[in-house]
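Dock chain to chain to rebuild the complex, using the hints, since each chain is given by itself in its own frame.
Going down the list, the sequences are from chains A and B.
The first sequence runs contiguously to residue 365 in this note's numbering.
The second sequence runs contiguously to residue 281 in this note's numbering.
The hints are simulated quantities; they were obtained by calculation from the structure and are not laboratory data.
Just so it is clear, the structure is predicted and the values come from calculations on it, not from any experiment.
Warning: the hint list may mix true and false statements.
Unchecked claim - Quick look at which bits of chain B chain A covers, simulated, 3 or more residues with Cβ under 8 Å:
1. 14-26
2. 47-60
3. 72-84
The beta carbon of each residue, even a glycine, is placed where N, CA and C say it ideally should be.
Residue strings, one per chain:
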Amino acid sequence: MKVHLDLRTMMDYMDYDVRTSKSKHSIIFTVSIFCIFLWCYFISGFFSNVIDFAQLLKFLLPFSIITICIIILIKYVKYKKINIFSKYLFFLPALILIGGIIYFPVINTILISFTEQVGLQRGGFNGIKNYITIFSDDVFYSVLLQTFYWTGGVLIFTIIISLYSAHIMNRDFYGKKIIQTVFVLPWATAMIVTAVAYKLIYHGEFGYLNKIIYSFNKNFENIYWLGEPKLVMPSLIFVGIMVSIPFTTITFLAAMKTVPQELYESAEIDGANSIQKFINITIPSIKHVTTVVVLINFIYIFNSFPIIWVLTHGGPVYRSHIMVTYLYEVAFTRLNFGVASAIAVVIFFIILIISVTYVHFAEKE
Amino acid sequence: MHFEKYQKRMLKNTLIVFISLLPILILILFPYFIMLSTALRTLNECIVFPPKWFPSKIIWRNFVDIFKLIPLGRFFGNSFVVGIGATALCFLCSLPAAFILARYQLKFKSTILFLILITQFIAPAIMIIALFKMVLRTKIMNTHLALIITDASFFLPFSTWLLLGFLKTVPNSIFEAATIDGASDFKTMFKIALPIVKPGLVTAIIFTFIEVWNEFLFALIFLTSFEKRVLTIGIFAFAARNKFEWNYLLASALLSTVPVIILFFVLQKYYIRGLTAGAIK
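Isolated chain B, as found in the complex (with noise of 0.2 Å):
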């Protein structure tokens, strides 16, 4: 009896979420229902109007000629070298600054945390002239270096939160048994702290792959020539001034989320409970 009520509720439920939130679904979902359906048509049946919602012939072919049309299994390692490159870099650097501030009741500690902070405040556009003159002074214009390093300190603050957050919940006891045990910070750091925060790192390391992996205005900045691109600025090869492929570009585009739709679906859980832990508990 009681079961049954609750699924009455239930159902009931169900049916004023999906109805209320019906048409910001149909819209969050357009574009990409657009974008799987231009992708799979001819260049002249996407420039026709009025345009069909469906293709008339569907062409899975198309995903198989971008490879063919420009280098986009280059753009792919490029983005994959830039990824895993920047995200291993901020990792490096975040993991014993989180560890320290987790760790330690420091002087210095709400200078050190405000100075992370107030990097949220300063956008990436502000910088972009001065860091322009820096890399081309530096005579690393034109290489993944230079993109991985920026995206890498550009998100380094916001991974030492997350990161922080996950070691404030580290009982402070079990570090310090390791050190009347004998342990150095470092031996501490990796053998002790590092495994107790597996998912909050994974968080971190999905949260900055992700991020660096979409980022636009840097990698159009920094990578001047067509082979070195990655995916964001490579896709608009399709985009020339005079000749829109639309057909390639949605597939291209659509294509290029795929690695980080799978990651996030694969690692969905983690991910959200990560980034909206402090505002749980």
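Looking at chain A on its own, in the form it has when it is part of the complex (with noise of 0.2 Å):
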């Protein structure tokens, strides 16, 4: 699942952000969470019990209060001669989906972090000992180290060569539109694929990797590129830096495309080199692109599930497991969604401190 925005559109709303965040802005948003929030515990509360009739008058009752607000609101209007409400009626759809399907959820899992769950019966609230669970736990504390190492690690060498790539491919040349092809062609695979002919590639008994290996050197051991505890990261890594090339290489390539032509040939009369434009032109003029494609990246490869799980669900012994496959390892196969919500809060937190932080620091200059 990639993270994708419109570019332009979110960095002009963040420049608009820096400038003029006052405290009106946060109160409405502080309110509307809440609303949407209160209207999906009820609307859920609703369906769980809509086969028992009696309940089911129950809960009418403060629909058709509401259905009798919401007339005498629009009858209201229409006397006052506002006609800003039916403006407001189009926003209704998507407000619902995403409140009821991204806002309810992300607000229930902090709650339930608070709560002891194991299985699927409703648990007592248990403070914070979700969060001793966690903190206390020592594989806790590789795998968020392995995270680390897995973002990092997938999103420098990702920047290094998609900054090469749509340098190079900047220019006019013939077969512009192969290349161009083959860059795409990965984004529009499902990243299961991709993971799947890698984990044959990987394989130890008969995979390809082992064949090119084999071809140089005949009498070498097998290796089990997914099973040894020191190479399954890095392996991983290579497959995660191939999935995200091209998503990065694109958005880099239009954005070079809009560096006025005029700057390099000026250069070049200067006698600048190739390796001077690019650092001393290219680089400055693209810089909030950048930004704004390393804040997506960063969150995309952070939450990154299908290749890590089904290339090695997260073995041998846990030293591939990133958050998110343990946070699914510990919800779905220990039934422990407390500790696992306890694990989401602590996912989101980290992503936001980090996010937040890193757009500070690159829009401060």
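So, in structure tokens, the structure goes:
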């Protein structure tokens, strides 16, 4: 699942937010979140009891009251000839979906993380016990370290390789379409498909990577790329890089196309070589886009689930788990929803803190 | 003379590009080559060391056999149902929101934009527990409806941003003229905004469809019965615990990407232009 954003609008918005962030917005934000939350709790309660007729009546009562209120509101708005209400009505479907399927689960996860839940029965409130459990677990720290190893490794190499290939591709040449198609191909294919192919390539007994080594050195022992604790993370990171190159390259290329050609020409007259031009003209010109691309890639790689799940299931012995796969294992293999929710909250705050810090420092200059 | 110089320069550039990008191109294409090569051989030929680069005998029958061994046709159908359903829902919800955001200067515009933008920071993995419980409680577990709703709402913010970007390029006076002529907002949206932003719409629709088609995590959680599986989890029927049928697995994996790649190449022009529209301008 890729996190893509319309870059320009996002950047515009960031600028706007930095300049005119007022307390008013945050109040409106909090209130609207709260309203959505209340609404969703109400709806989910309603559906769970939909078979019971007496319960149905009980839940229909508030609905009818709300409907009457809305009708009165509409009448009032029509009487006052205010047209604003109909405009906001257009947001309703989008806000219902975003509120119900994105905001409500996030808030609910935070609530679940403070309860004891093993299996599906509703557990009682147990304070910060879940957090104590995960923070006193050695596996959690190693998973945290591996997550940063994975994210950092993939992110740095992706950005470097993508900058390089975008810089190379940013000129007129024959066969432009072919190259662009090849670069876009992994973007269209599902991540699991690439992962399945790499599972065969890395295979210990009849993998292609071993075959390549074998063709150079006939007397070697088969290497289990995904079974050796030391080799598993670099192997996975390589797949991660190959998967995230396309989007990054295409975005960098689009950004580089906007750099005015005159800058390069005047630099050429002054006698700058290719590398100097790249460092002194291209990189400063696309700095803003780079900020956004790094941010998007960071979030996307940090939460990348399918590659690791298909290739290793987190093995051998937790050595390739990242936070997201660990969360999945705790939730759906051990069925410990309370602790898993606590992990989810930790993931959420790690992403939030790193993103905010990064944007703050990147936009400061 | 001038033309010749240009041609020479182009040739030189082509050489530079292909030589510098050769390792990356090979690395990108390598898994696809392995997939195709493995999909066309017998299982016995897959599990020998060292494996051959090319199959000794090309067996096209593998692509027919996979439909008989597992209900792959059904998985294709399921994927189409989920993909089209989620795309339609996503589009129906995002178009009105994007239209109003582009058309009017609203009081809470920045708040709404912020609410939409911030969702991109929330990973699907964070929500899976609460979503799982919600789906269980609303009794839509193991239905395609659950997958359609979650996928649609997860890709809704991006779709809205994309449509908003396209709708912003339309001069507001067109909408105002329609309003003066007595068209309601609803009518303006369908009769005027929709035809104008058709390329943007196509981009948003393709994007959502491809992402839903390739979605893995939600499908893994919500679809428990074998019959209801979509392609991304369905093909793992060939990867049972003790028996990896590599040739069939990779053949079905390759086949599962075909609809998306066809769609992608037909509309690639729009797609890349649409996604990078913001950066180019």
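Hints violated by the structure (listed by number, smallest first):
3
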